[in-house]
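Starting from the given sequences, assemble the full structure and let the hints guide the process.
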Amino acid sequence: MMQLNIPDRDYLNSGHVGCPGCGATIAMKLALRVLGEKTVVVIPACCWSIIAGNYPQSALKVPILHTAFATTAAAASGVRAALDMKGDTETTVVGWAGDGGTFDIGFQALSGAVERQEDFIYVCYDNEAYMNTGVQRSSSTPYGTRTTTTPGTEWKKTRKKNIVEALAAHRISYTATASIAFPDDMMRKFKKAMEMKGGPRFIHVFASCPTGWGVASELSIKIARLAVQTNMFPLYEVEDGVKYTLNYKGNRSIDEYLKMQSRFKHLTEEDIQTIQEMVNEDWQLLLRKIGP
Amino acid sequence: MTTAQASSDHISLLISRSKISTEINKTGSWCFVRPGYQDRTAPCSAACPVGEDIGRIEMLAVQGLFKKALETILQENPFPAVCGRVCFHPCEGACNRGEFDEPISINKLERFLGDIAFLDGFGPSILNLPNNGKKIAIVGAGPAGLAAAYFLTRLGYVCDVFEAADAPGGLLRWGIPSYRLPSDILENEIQRIQNLGVRIHCGEKLSEDFLIEAKERYQAVFLGCGHGRSTGMNIAGEQMAVDGLKFLYRIRNGEKLPMQGTIAVIGGGNSAIDIARSLIRLGAKPIIVYRRRKQDMPAFEHEIKMALEEGVQIQELLSPVRIDQDGSDYILSLQEMKVGEQDADGRARVVPKDSKTQSLRVNQVFSAIGAEPDEVWKVPPEKIPEILTLSHCTITQQDLPIVFGGDLTNSNKSVTDAVASGKQAAMALDTLFQKGWENINDRLSECRVGNSPALSMEIYMGGDRKNRSRHIVAYNEVNIDYFQPCNRVVSLSVPLQKSICSFDEIDHTLSTTGAMSEAQRCFNCGICNGCDNCRLFCPEVAVTLEDNKRQINFDYCKGCGICVVECPRSAMVIEEKKV
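Keeping their order, the protein sequence lines are chains A and B.
Following our numbering, the numbering of the first sequence begins with 86 at its first residue and continues without gaps.
Following our numbering, the numbering of the second sequence begins with 5 at its first residue and continues without gaps.
These are computed hints drawn from the structure, not numbers from a lab.
All values reported here derive from a predicted model rather than from experimental measurement.
Since no wrong hints were added, every one of them can be taken at face value.
In silico contact screen, one side only, chain B against chain A (beta carbon under 7 Å); selected entries:
#: 1; residue: P543
#: 2; residue: V569
#: 3; residue: E570
Derived pair list, reagent style DSSO-like, types lysine-lysine, alpha-carbon separation capped at 27 Å:
#: 4; chain 1: B; residue 1: K581; chain 2: A; residue 2: K307
#: 5; chain 1: B; residue 1: K553; chain 2: B; residue 2: K581
#: 6; chain 1: B; residue 1: K260; chain 2: B; residue 2: K250
#: 7; chain 1: B; residue 1: K30; chain 2: A; residue 2: K146
#: 8; chain 1: B; residue 1: K553; chain 2: A; residue 2: K307
Beta carbons are placed, not taken as given, at the ideal position from N, Cα and C, and that holds for glycine.
Okay, structure coming up:
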């Protein structure tokens with residue numbers, strides 16, 4: 086952290102009601118360490134609308150605007166416009182939504198706002214299902230996952246949507262993936278995004294969910310790290326939608342990651358092999374974009 | 005008036021705003037386990053005969069705090085520059101990093117810190133107790149005697165060391181060739197001991213009468229005079245063999261001893277290797293003749309390897325039966341041996357192979373099969389009521405307390421074990437005076453490092469190390485995700501062709517950058533180095549940092565356990581909350 090010159094200060098309060106070991110909470114904590122006091126956070130319906138506290142409490146030391154599920158990007162655009170009207174160009178506006186509010190319900194608002202080149206950072210903290218309402222599948226839920234809406238043998242048979250590629254296709258100035266298990270990398274990316282004012286920046290943060298994934302709370306960081314180490318969730322950045330930079334090369338096999346989580350415990354060795362092939366395919370695709 | 009206008013006139017816009025913190029929710033009530041900070045024992049320090057706090061030493065070295073690192077060594081060992089050269093470093097064999105890539109070069113780092121102390125002129129400040137008025141006589145200024153004097157002086161005793169030779173150092177000065185341990189290095193470290201106030205009286209060979217006179221002037225005696233006489237081979241013509249230890253003494257005494265031809269060196273210990281390597285430097289072709297196999301040799305593996313590289317031949321499974329003179333040559337008759345069953349101590353027993361013998365024509369024969377006490381009073385008496393046999397010394401209560409230490413009692417005859425002996429004796433005597441004979445065992449066992457016999461003077465003197473858990477951190481308790489494979493640094497050394505032509509030191513000391521990057525590889529098993537992972541990851545912001553001390557706020561800790569798992573070095577524990 087010394088290299089990044091980030092003040093040693095947290096803008097997250099104790100006493101919030103996140104589950105023990107909550108990855109989304111750690112994501113917010115790390116992000117706000119970088120973003121600092123001059124930040125407005127816009128939160129739609131998601132885990133974080135609960136973690137942020139019951140009225141009249143707040144779990145953050147910065148202002149939060151709670152908004153409807155589909156409207157994070159639109160509300161963030163409005164907050165930005167209001168700040169600009171006041172002549173405040175310093176404050177960073179951050180849209181902070183889960184995967185449901187980003188990949189599914191908030192997608193059209195997000196796509197529209199980034200196409201309009203709205204000046205905000207949009208963060209999707211991805212715990213790979215609608216966790217707050219009790220683990221319903223989203224389009225971010227990976228192939229092979231059992232959720233309450235993909236139960237028993239009807240576990241999810243479709244792939245996870247690649248949201249980073251969708252955003253990169255909008256040719257926005259900065260798109261990146263980050264993981265709570267790689268805090269230095271994650272905080273560097275937030276700093277970079279914060280300094281790239283003038284347009285939309287999108288950061289996709291992998292935020293483990295011990296409760297929803299069936300992992301012991303103490304392994305929350307470890308499982309997030311394994312996702313990167315197995316190339317399930319590669320760490321990379323895309324500038325202007327075309328310039329790719331890879332931040333980490335994983336080399337571990339996917340079964341180590343899958344077998345630690347009860348959401349995957351029904352998978353046969355064949356299923357695991359299928360997932361390994363998907364991971365390999367996506368990885369090769371990414372490497373091609375990164376180039377030599 | 006439109007409907008819209010009417011409503012905006014009568015109903016004001018309400019935006020609810022939270023104004024208070026969630027901190028009023030004491031989420032600590034969710035918790036059914038409690039994480040906590042607990043420094044634990046690193047395997048290297050438990051393997052070290054003197055129990056040096058290696059994990060902490062390397063941590064301080066990484067931070068560039070060399071003086072503090074040196075002081076941490078000096079808590080447990082007055083000879084870092086010496087041991088950094090001659091120790092057989094069992095620490096490296098126990099190093100958890102060995103399972104990951106290669107063990108930390110602990111021995112070379114110790115040497116670096118020992119040397120930098122003199123290059124930079126550190127005046128180390130470590131805890132020494134004020135003079136308590138008691139005087140101790142120490143017989144022999146070898147590593148055991150000097151260590152005993154060092155530790156006893158730090159505990160407040162006045163020590164007189166009596167040395168038969170005309171300079172202190174014992175085996176360090178006379179038995180180890182200078183290519184392994186240069187004299188100035190030894191002298192510097194002895195000087196540091198003398199600076200504490202230890203008085204060394206050289207040229208004083210004591211007799212048994214001294215033990216009787218001593219009680220007039222001293223409250224206790226430590227005997228660390230080592231073995232003065234080479235062990236005999238009990239074979240015909242034995243008197244024609246040169247005493248190897250005397251030979252090493254003459255070299256260290258500055259005598260020019262040109263050698264030539266083939267010379268047989270009988271023995272398999274470190275002395276045999278030292279003699280053979282010295283003979284190479286004097287121009288001879290040494291052949292080591294050993295009755296067991298190469299892998300059974302008590303000499304340190306590294307030393308055997310170096311000897312072979314330098315051109316020493318080793319002939320194994322040959323037991324000398326007689327020496328005959330033939331003109332100016334000697335004929336060594338050797339019984340061929342074979343491996344039999346295992347001994348009780350696990351070593352392979354060798355037995356004669358039929359009646360096969362062979363003979364070896366050489367220009368000289370050197371013997372180096374070991375040493376034994378030269379006078380009976382240097383052996384612990386057997387039939388006295390008050391005798392306590394400890395791992396590294398034997399303490400007896402005769403007219404006054406007499407401790408037998410160093411090579412007189414140590415089963416492992418290494419320099420570091422000799423230092424351990426001096427330390428154990430110091431603790432045992434101090435406990436005897438403070439708390440009585442019956443408390444020695446208990447008091448000493450409180451000062452053990454992990455489950456090993458190694459004792460810590462820092463623990464004895466009530467330092468922070470006493471709070472450390474005895475649990476020895478295993479490799480699978482280290483979070484290796486925080487470490488990258490990285491080869492150990494290699495120190496430069498004089499090329500072989502050059503090194504075998506002189507008695508100059510072969511290996512160079514690590515550079516500062518080399519030492520720091522090597523220390524950086526250390527896992528610091530069980531020792532918090534302030535990496536701050538626990539505080540960084542805590543989702544509850546329940547880890548506080550004040551005055552460089554981290555604490556867990558149990559008002560909010562939900563007991564998720566991330567801090568414990570993400571501690572790279574296993575310096576945290578979690579336990580069930582007591583209701």
